[in-house]
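Enquirer: Residue numbering for the sequence shown follows our numbering, starting at 7 and increasing by one per position.
These aren't lab readings, by the way, just hints derived from the structure by calculation.
Keep in mind that a hint or two might mislead.
Said to hold, decoys possible - Cut-off 30 Å, straight-line C-alpha distance, at most; resulting in silico cross-link-like pairs (DSSO-like, lysine-lysine): (1) Lys72 to Lys90; (2) Lys72 to Lys86; (3) Lys68 to Lys58.
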Amino acid sequence: MSRSYKKIPCCKDYNRGMKKRANRHLRRNYLDIPSGRAYKKLFCSYDICDYKFLNSFNSYKKGWSKYNGNRKYSDKELYKMWYKDYKMK
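Working from the sequences, and respecting the hints, build out all of it.
Expert: This is the structure in C-alpha coordinates:
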(Lines of atoms letter the chains of each structure in order from A and count residues from 1; the text may use other names and numbers.)
(Lines give C-alpha, C1' and ligand atoms only; values in the text may rest on other atoms or scores of the structure.)
Protein backbone atom coordinates (compact mmCIF):
# COMPACT_ATOMS: atom_id res chain seq x y z
CA MET A 1 0.00 0.00 0.00
CA SER A 2 1.26 3.43 -0.91
CA ARG A 3 2.16 6.00 1.75
CA SER A 4 1.83 8.98 -0.53
CA TYR A 5 -0.22 11.99 0.49
CA LYS A 6 -1.33 15.29 -1.00
CA LYS A 7 1.20 18.10 -0.66
CA ILE A 8 -1.55 20.75 -0.44
CA PRO A 9 -4.49 19.83 1.81
CA CYS A 10 -7.55 20.19 -0.41
CA CYS A 11 -10.90 18.51 -0.87
CA LYS A 12 -12.66 18.65 -4.25
CA ASP A 13 -16.31 18.13 -4.98
CA TYR A 14 -16.75 15.59 -7.74
CA ASN A 15 -19.93 16.58 -9.53
CA ARG A 16 -21.27 13.91 -11.87
CA GLY A 17 -24.12 16.19 -12.97
CA MET A 18 -21.76 18.78 -14.43
CA LYS A 19 -19.96 16.07 -16.37
CA LYS A 20 -23.29 14.87 -17.81
CA ARG A 21 -24.25 18.43 -18.68
CA ALA A 22 -20.96 19.01 -20.48
CA ASN A 23 -21.35 15.82 -22.54
CA ARG A 24 -24.96 16.66 -23.38
CA HIS A 25 -23.94 20.18 -24.46
CA LEU A 26 -21.27 18.80 -26.78
CA ARG A 27 -23.52 16.15 -28.34
CA ARG A 28 -26.41 18.55 -28.98
CA ASN A 29 -24.55 21.61 -30.20
CA TYR A 30 -21.62 20.20 -32.13
CA LEU A 31 -22.68 17.66 -34.73
CA ASP A 32 -19.31 17.21 -36.38
CA ILE A 33 -16.71 16.55 -33.66
CA PRO A 34 -13.43 15.17 -34.96
CA SER A 35 -12.18 11.99 -33.35
CA GLY A 36 -9.51 12.08 -30.70
CA ARG A 37 -9.05 14.84 -28.15
CA ALA A 38 -10.64 17.64 -30.17
CA TYR A 39 -13.66 17.78 -27.87
CA LYS A 40 -11.43 19.25 -25.14
CA LYS A 41 -11.14 22.46 -27.13
CA LEU A 42 -14.92 22.85 -27.22
CA PHE A 43 -15.69 22.68 -23.49
CA CYS A 44 -13.54 23.76 -20.58
CA SER A 45 -12.71 20.75 -18.42
CA TYR A 46 -12.26 22.93 -15.33
CA ASP A 47 -16.00 23.64 -15.25
CA ILE A 48 -16.72 20.01 -14.35
CA CYS A 49 -15.33 20.31 -10.80
CA ASP A 50 -17.32 22.96 -8.94
CA TYR A 51 -15.77 23.25 -5.51
CA LYS A 52 -12.32 23.05 -4.02
CA PHE A 53 -11.81 23.46 -0.28
CA LEU A 54 -8.40 24.32 1.16
CA ASN A 55 -8.23 23.84 4.92
CA SER A 56 -5.46 23.49 7.42
CA PHE A 57 -6.14 21.32 10.44
CA ASN A 58 -6.64 24.33 12.72
CA SER A 59 -9.27 25.91 10.47
CA TYR A 60 -10.97 22.51 10.08
CA LYS A 61 -11.11 22.15 13.86
CA LYS A 62 -12.58 25.64 14.31
CA GLY A 63 -15.20 25.02 11.64
CA TRP A 64 -16.08 21.65 13.11
CA SER A 65 -16.62 23.09 16.57
CA LYS A 66 -18.69 25.96 15.12
CA TYR A 67 -21.12 23.84 13.08
CA ASN A 68 -21.06 20.54 14.98
CA GLY A 69 -20.74 21.67 18.56
CA ASN A 70 -23.05 18.97 19.90
CA ARG A 71 -20.65 16.17 18.87
CA LYS A 72 -17.49 15.92 20.92
CA TYR A 73 -14.39 14.45 19.32
CA SER A 74 -10.86 14.45 20.59
CA ASP A 75 -8.13 16.21 18.62
CA LYS A 76 -6.78 12.85 17.52
CA GLU A 77 -10.15 11.79 16.07
CA LEU A 78 -10.61 15.14 14.37
CA TYR A 79 -7.12 14.89 12.89
CA LYS A 80 -7.96 11.44 11.47
CA MET A 81 -11.11 12.81 9.85
CA TRP A 82 -9.23 15.81 8.42
CA TYR A 83 -6.41 13.61 7.17
CA LYS A 84 -8.86 11.27 5.44
CA ASP A 85 -10.68 14.12 3.67
CA TYR A 86 -7.85 16.53 2.91
CA LYS A 87 -4.47 14.77 2.89
CA MET A 88 -5.05 11.22 1.65
CA LYS A 89 -4.96 10.58 -2.08
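Enquirer: Provide an ascending list of the numbers of those earlier hints which the structure does not satisfy.
Expert: none
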